[in-house]
Amino acid sequence: MSKLTLKTEGDTHVVVTRRFAAPPEAVYRAHTEPALIKKWLLGPDGWSMPACISEARPGGKIRYEWVNGKGGGFYLTGEYLALEPFRRTVHVERMYLPDATPDNRVETRFDPDDAGTLLTLRMTLPDGETRTAMLATGMESGMEASYARLEGMIGSKSP
Amino acid sequence: MLNLDAAFSALADPTRRAILARLALGETTINELAEPFPISQPAISRHIKVLEGAGLIVRRIDGTQRPCRLAPAGIMGVDQWLAVLREALTNNYDRLDQVLATMKPKRLRGKR
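If you read the sequences in order, they're chains A and B. Heads up: the first sequence begins at 0 in numbering that gives the first Met the number 0, then just goes up one per residue. Heads up: the second sequence begins at 0 in numbering that gives the first Met the number 0, then just goes up one per residue.
The following block holds chain B by itself, in its conformation from the complex:
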């Protein structure tokens, strides 16, 4: 379940963003994930827990391993919200251009 607040604070950390980028290449074990980072495996596990809690990744049980992968719904949810913001600014201002074109200077003076 996606929690936008949790998702955004999860994304605020560079290590967690790097973990997500790595997971974008496919399912990975904690050992493999920890390899490129100069931090301990327990520290990576804590980051994984945050990402899991935020709904951005999911884990499955495979023997003694618990490999991680991206949770498409979580990433899409964040991405959708982001796309809304991006699009909102551009669309809004294009629309404002049109509104301004219809505003008459006469009416402006009347408001003073």
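Looking at chain A on its own, in the form it has when it is part of the complex:
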């Protein structure tokens, strides 16, 4: 069973949901306290987050830095816009790859769900083109299939 859902909404939104077997307080804290964020917001195996700033107040700064221990690394910066403790946060973020990606506005909801939490991330991209580019990231299953196909074909042609 896949716990993660990912869908588009309108022209510029992407909505991600995931259920957790822990109360909203715990999930909220794990999203806003640096010591906890560093334990899980790491991406693929082998990556770590040596620096994490999360000033959980309106206007507070966000900065996450990731390294893979092999000389690779990138970072993200952002700002908190609104926080309702244990219920909801709103922030903007951008990745540096090394150039900054367009701002992604993210509303994160922590709703009680039986004994656990339903986490909902609602991302708002500046325009449809940016979202399409982001979805070209393979978040959309159709694109993912095309990429898998492309990769397979390229792979078979590689020397």
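Among these hints, one or two may not hold up.
As the list claims (entries may be wrong) - What follows is a list of derived Cβ distance ranges for each label pair:
hint	chain 1	residue 1	chain 2	residue 2	range
1	A	Ala-50	B	Pro-37	19 to 29 Å
2	A	Lys-69	B	Asp-93	40 to 50 Å
3	A	Pro-111	B	Glu-26	51 to 61 Å
4	A	Glu-64	B	Ile-60	36 to 46 Å
5	B	Glu-26	A	Gly-72	28 to 38 Å
6	B	Gln-40	A	Ala-20	53 to 63 Å
7	A	Lys-69	B	Thr-89	19 to 29 Å
8	A	Gly-72	B	Arg-59	47 to 57 Å
Read the hints as simulated data drawn from the structure, not as lab findings. Heads up, the beta-carbon is just placed ideally off N, CA and C, and yes, glycines get one too.
Based on the hints, put chain B in the right spot on chain A.
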């Protein structure tokens, strides 16, 4: 040379994605590429330039022709970045499950 920004904006256009899908079948001339599309050859050429600038395709000179093919490094670069995102969400939340399991309710009350 792959430029991720350029690559993503190149991929944002449906005609350019269709061109890439066609090129996945093998090297193709501009004439052959233009055939299935209801747009002019100069318009296709402009799309090709964007894809070339983004590092997603390469062209070679063959007499008067300049056939196009996919640039494996470019496509792989984008694909790698995409795979990182996909994998990141799933891995992160699986890891968060473990972090949450170790968080004690007592500590939660202490934070209020």
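Consistency of the hints with the structure:
no., hint, in the structure
1, A:Ala-50 x B:Pro-37: 19 to 29 Å, "51 Å, violated"
2, A:Lys-69 x B:Asp-93: 40 to 50 Å, "23 Å, violated"
3, A:Pro-111 x B:Glu-26: 51 to 61 Å, "57 Å, holds"
4, A:Glu-64 x B:Ile-60: 36 to 46 Å, "44 Å, holds"
5, B:Glu-26 x A:Gly-72: 28 to 38 Å, "36 Å, holds"
6, B:Gln-40 x A:Ala-20: 53 to 63 Å, "58 Å, holds"
7, A:Lys-69 x B:Thr-89: 19 to 29 Å, "22 Å, holds"
8, A:Gly-72 x B:Arg-59: 47 to 57 Å, "35 Å, violated"
In this structure, the hints that do not hold are numbers 1, 2, 8, in rising order.
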